Amino acid sequence: SQQGEEDPQALSIQEGENATMNCSYKTSINNLQWYRQNSGRGLVHLILIRSNEREKHSGRLRVTLDTSKKSSSLLITASRAADTASYFCATDGEGYSTLTFGKGTMLLVSP
Amino acid sequence: EADIYQTPRYLVIGTGKKITLECSQTMGHDKMYWYQQDPGMELHLIHYSYGVNSTEKGDLSSESTVSRIRTEHFPLTLESARPSHTSQYLCASSDGGYNEQFFGPGTRLTVL
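Listed in order, the protein sequences are those of chains U and H.
If you're matching positions, the first sequence starts at 13 in our numbering and goes up one per residue.
If you're matching positions, the second sequence starts at 134 in our numbering and goes up one per residue.
Hints in this document: simulated from the structure, not taken from any laboratory.
Bear in mind the structure is a predicted one, so any value in this text is a computation, not a measurement.
Some hints here could point you the wrong way.
To be verified - Listed next, the in silico BS3-like pairs over lysine-lysine satisfying Cα-Cα at most 27 Å (straight line):
#1 U:Lys38 with H:Lys190
#2 U:Lys68 with U:Lys81
#3 U:Lys115 with H:Lys150
To be verified - If you want a taste of the chain U side facing chain H, the calculated C-beta under 7 Å gives, among others:
#4 Gly54
#5 Leu55
#6 Leu60
#7 Ser63
#8 Asn64
#9 Arg66
#10 Glu67
#11 Gly71
#12 Thr110
#13 Phe113
#14 Lys115
Said to hold, decoys possible - Listing some non-contacts, in silico: residues in chain H with all C-beta distances to chain U over 12 Å:
#15 Ile146
#16 Gln170
#17 Thr210
#18 Glu212
#19 Ala225
#20 Arg241
Ideal Cβ placement from N, Cα and C applies to all residues, glycine included.
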């Protein structure tokens, strides 16, 4: 069964605005990761948050994790046209050996 | 430069052909993965490897096979391609730890 579910499926904003994407998952995790995928390309790792962390920052990215609600959010501040991509959350299982990806949120940032 | 490579990037072939999708990484990672992704959809893990001579099936049933004879090389083979195999195939590697994965650019396969 699918572990991660992103919400919304698609998001369209103007440059300079903030973009928030959410991810829900079903089972216990060791860590949760966010990836970006530009059209037709492979995924790029953005940020990892461990199960004992509640918030993490990296540049314009802010990730939160609520293990009690089994949910995470990714905030991109001051969006740029270059942020246009699909964003996926990924959760691990026991032993860290594999990841399960959600369906992703497609973000469109217009100039 | 440490990286992960996939060839070919695009492949269009006829039904029944045998194909091998290549994946190589120069990062020295032990773990490698193959995912299948349809446009706009999630990634499905089809094979993974913990290291040389280790291969495991993923969550998605697949008619493909893999081998891991060298650390840096993890090819995926389809013995007889069918239109249902049309998809994008992504290769990834990780050094273990927290399993942050590094992805190749993908191979977009079309089977006619």
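Right, here's what the structure says about each hint:
For the given pair, Lys38 of chain U sits about 22 Å from Lys190 of chain H by alpha-carbon distance, which is consistent with the 27 Å threshold. At most 27 Å may separate the alpha-carbon atoms for a hinted pair to count; Lys68 of chain U and Lys81 of chain U meet this at roughly 17 Å. Annotation: proposed proximity of Lys115 of chain U to Lys150 of chain H is violated, straight-line Cα distance about 31 Å (limit 27 Å). Because the closest C-beta pair between Gly54 of chain U and chain H is about 3 Å apart, less than 7 Å, the hint holds.
Given the 7 Å rule on beta carbons, the hint for Leu55 of chain U holds: about 4 Å separates it from the nearest Cβ of chain H. The restraint placing Leu60 of chain U at the interface with chain H holds, with a minimum CB-CB distance near 6 Å, inside the 7 Å limit. Using the Cβ-Cβ criterion of 7 Å, the hint placing Ser63 of chain U at the interface with chain H is not satisfied: the shortest such distance is roughly 11 Å. The restraint placing Asn64 of chain U at the interface with chain H is violated, with a minimum CB-CB distance near 12 Å, outside the 7 Å limit.
The interface hint given for Arg66 of chain U is broken, as the beta carbon of that residue sits about 17 Å from the closest beta carbon of chain H, more than 7 Å. Because the beta carbon of Glu67 of chain U sits about 17 Å from the nearest beta carbon in chain H, more than 7 Å, this interface hint is broken. Here the hint on Gly71 of chain U is broken, as its CB sits about 17 Å from the closest CB of chain H, past 7 Å. The interface hint given for Thr110 of chain U holds, since its Cβ lies 6 Å from the closest Cβ of chain H, which is under the 7 Å cut-off.
Residue-level restraint check for Phe113 of chain U holds (minimum Cβ-Cβ distance to chain H is 4 Å; threshold 7 Å). Annotation: interface hint on Lys115 of chain U holds; nearest CB of chain H at approximately 4 Å, less than 7 Å. Its beta-carbon lying about 19 Å from the closest one in chain U, Ile146 of chain H satisfies the requirement of being farther than 12 Å from that chain. The beta carbon of Gln170 of chain H sits about 9 Å from the closest Cβ of chain U, which is not more than 12 Å, so the claim that it is off the interface is violated.
For Thr210 of chain H, the requirement that its beta carbon stay farther than 12 Å from each beta carbon of chain U is met, with the minimum near 20 Å. Remark: the non-interface label on Glu212 of chain H is consistent with the geometry, its nearest Cβ contact in chain U lying 25 Å away (cut-off 12 Å). Listed as a non-interface residue, Ala225 of chain H fails to keep its Cβ farther than 12 Å from every Cβ of chain U; the least gap is roughly 8 Å. Annotated as non-interface, Arg241 of chain H brings its C-beta within 12 Å of a C-beta of chain U; the closest such distance is 7 Å.
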